[in-house]
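Undergrad: Each chain, written out:
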Amino acid sequence: MAILEATSAVPNIEAFLEQDQRKGLLRFTTAGSVDDGKSTLIGRLLFDSRGVYEDQLAAVRNSTLNRSSGPIDFSLLTDGLRAEREQGITIDVAYRYFATPKRKFIIADTPGHEQYTRNMATGASTAELAIVLVDARNGVLPQSRRHAFIAALLGIPQIVVAVNKMDLVDFSAEVFARIREEFDAHLKRLGIPAAYFIPVSALEGDNVIVRSPRTPWYEGESLLERLESVPLDHGATERPVRFPVQYVIRPDLDFRGYAGQVVSGTVRPGDPVMVLPSGRTSRVKSIVSWEGELAEAFAPMPATVCLEDELDISRGDMLVHPGKMPHVSRHFEALVVWMSAEPLKVGQPYLIKHTTQQVAATVTSLLHRVDVNTLAEAPAERLELNEIGRVAVETARPLFFDAYAANRATGSFILIDPIGNGTVAAGMIQEPHREPDADRAARAALLDLEFQASRLTSAERYARAGHRPATIWLTARQELAYLLERRLFQRGTQVHVIAGEVESPILPELAALLTAVGLISIFSGLTLDAAECERARERVGADRFFHFDPESLPTSDEEAAEQILAALEDREVLPRTRFTEQEGI
Amino acid sequence: MSNRLTHLKELEAESIHIFREVASEFARPVMLYSIGKDSSVMLRLAQKAFHPGRIPFPLLHVDTSYKFQEMLTFRDEYTEQIGATLIVHRNESALADGANPFRLGTQKCCGLLKTRSLLDALTEGGFDAAFGGARREEEKSRAKERVYSFRDGAGQWDPKSQRPELWNLFNGRIDKGESIRVFPLSNWTELDVWHYIHLENIPVVPLYFAKMREMIVRGDTLISTEHEPRLLPGEKPQMVMCRMRSLGCTYCTGAVRSDADTVPKIIAELVGMRRSERENRVIDHDQEGSMELKKREGYF
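Line by line, the protein sequences give chains A and B. For the first sequence, this note's numbering begins at 93 and goes up steadily by one. For the second sequence, this note's numbering begins at 14 and goes up steadily by one.
The hints are simulated quantities; they were obtained by calculation from the structure and are not laboratory data. Hints are not guaranteed to be accurate.
[What the hints assert, rightly or not] Listed next, the in silico EDC-like pairs over lysine to aspartate or glutamate satisfying Cα-Cα at most 20 Å (straight line):
#1 B:Lys61 <-> A:Asp344
#2 B:Lys61 <-> A:Glu388
#3 B:Lys61 <-> A:Glu385
#4 B:Lys189 <-> A:Asp509
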């Protein structure tokens, strides 16, 4: 067997190192209940793949004498702390390591009791695969459903269902098929496309490392074969660039590098970047590393990025591709796993840690609680330890985020109790917060005000002002907004910028009002979202509305302003003066 | 596979992320520098994390005075070479009172010269975060250790009140007097460490490499004669081809018989031998669960 050859006798160390060096890393989590043999399964994996060192094994033999007698108790290899050993159960997440000639593995081993949802979520947060154990004798129990739910909640891309204790049901193909059918239906409800089912006996080793002759009807891979062959690439390097700035490196006045981890996408020298929250743009000058300058840095590589322009950037800022922005908002909805003995209180101050930002936050409402066993959603007054709920969150400063389903790194956060300092919740961002009804009513009231207020016609205003009104929707790039304002002012127009971290659903109506009174107004704010843009276009009128996608504009503010002025002339907001300007040069 | 990091590069990325988080979020971090192979790897990772800048925190060596001379020479030369700031701390009062492993026994000696001394050094320096090279794979109680391990005002560890740690979002909030021990190598194995040393050409103390050394042979354990330990009846020092698998004090760190005098040979030995590296540390075997007890008291 390949594993034994590579570990017990090494004929050529250079060849071994060469092979070992190219290995990938798979992090997986295991969840199971007290009696379904999870610890035994892990012990078996570690033991049979030679991960258990001889002397550790000897230590286990010593302590086994104190408990029940019999063969080696593999579960003792994985139960760590004294308190757990005394109780005979694991109560926390334990990390285990083993390697085969093909891969290195990190196991996050978590207990399966209902009250330890928080541990399962912790283990699942970094895992790319989950092994869910089912006891063949008992079929699909509530805890197995719960494990699958938490795996789905934490976005684990791959699920393997190990139907254990097959030796106790005579390796029955029917039992296996029945469990598979039942569990598959549950997984479909969770939105998990395809799980991999394997009949095993952890105690006797069937289908753990090698395929068992006792399940001739099973044509799939053994558990270890599956772990060695499951794809590792989940497309993180293809997703939009997200580079949260962790640390600014300034060894001297000539060097300023932004250090961080590329959490998604690929960064290359020459790429345009936008800095959040300032909205300023630049290009990547170089990617500096200990090994020299890099041609690219892809997720999850650490990188130190130098930009072509000197911008004011600090920890908590994020570099993104200007055309592929994350959501920028102080409001969002999230599913949270409550991890503190103190229940969640709506309106109480917390701290949120999200990428490299840590800001004050409050949970503004608890929308519902999710029953981990039935998936049913029900209204709730509060959220207790190990409960899961959907909440609306408001932060003191805008966060730059994606939905968790689209990006685990920018969609995840923790809540911290600012008094006790503990981590009280883990959150998965769902989607930007919707406009409350009260704001809609306020908007309607403003509409009335505008149309009853003025009896002047747009023609009269044009005759007076010498230009037509317009709404220019710039989203990010505040500096460009101010430059454009200056240029338009110099051209004799009535112009005004509305910028900053504004986030008000009445902005489209404000735009309509300002346009109606004859002004050119420039809206620049990172928190303006696509829905507001569309409403503004509708309210203002398509012929008076100019939306510039940051990606389509030149990265230089000067050039971008020129392009926008040209567009305003083309659409006859401004009189054509460009030929005279050119003659003047 | 081209856009996928190898396991060592992925571990490196994780560790660098941790170094930068701590340097950003804590007022006064320090790196516990034990001169061993894990410390050597930590140093290289810290260099990478802040390149082309310098490592933005000092190194702290808790010197029990029972370390090997080769370790101290290496420590002074290497830290100077890379331009790191080094603080050396000894529990001088305990040493003046004659603390030594032969008189006090290894448990009390370690408590005074290592644990007490470390806590004093951290308090004196006002350090709020201390990097350590511990790995989860080393010992059972460490398998559940967090990357950010919270210590109360007395530097103690409570396995029941550790903060849950999700994704790579670390919670570094502490009150005055409290601190966090940070373990950037949590997910590395001994094999990973050696392989990385090999690939990166990282200098390590020559004690790791086999040569003829004067030793006391006591059962399966080889004890260095450097600090003149007491001989049991019938024992006498002899020359043995051996090396250290982990480095501590001369008395408590047994050597293993070996002829591995290069890093690849050490790795070959490691994958062939399959014995855990702490096996030769007298201290872990004092009683079952002893590492957990030491950690509760403040040991790294």
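Undergrad: If a hint holds in the structure, say so; if it doesn't, say that too.
TA: Results for each hint:
no.: 1; hint: B:Lys61 <-> A:Asp344; verdict: holds (17 Å)
no.: 2; hint: B:Lys61 <-> A:Glu388; verdict: holds (17 Å)
no.: 3; hint: B:Lys61 <-> A:Glu385; verdict: holds (13 Å)
no.: 4; hint: B:Lys189 <-> A:Asp509; verdict: holds (16 Å)
Violated hints for the displayed structure: none, as all numbered hints are satisfied.
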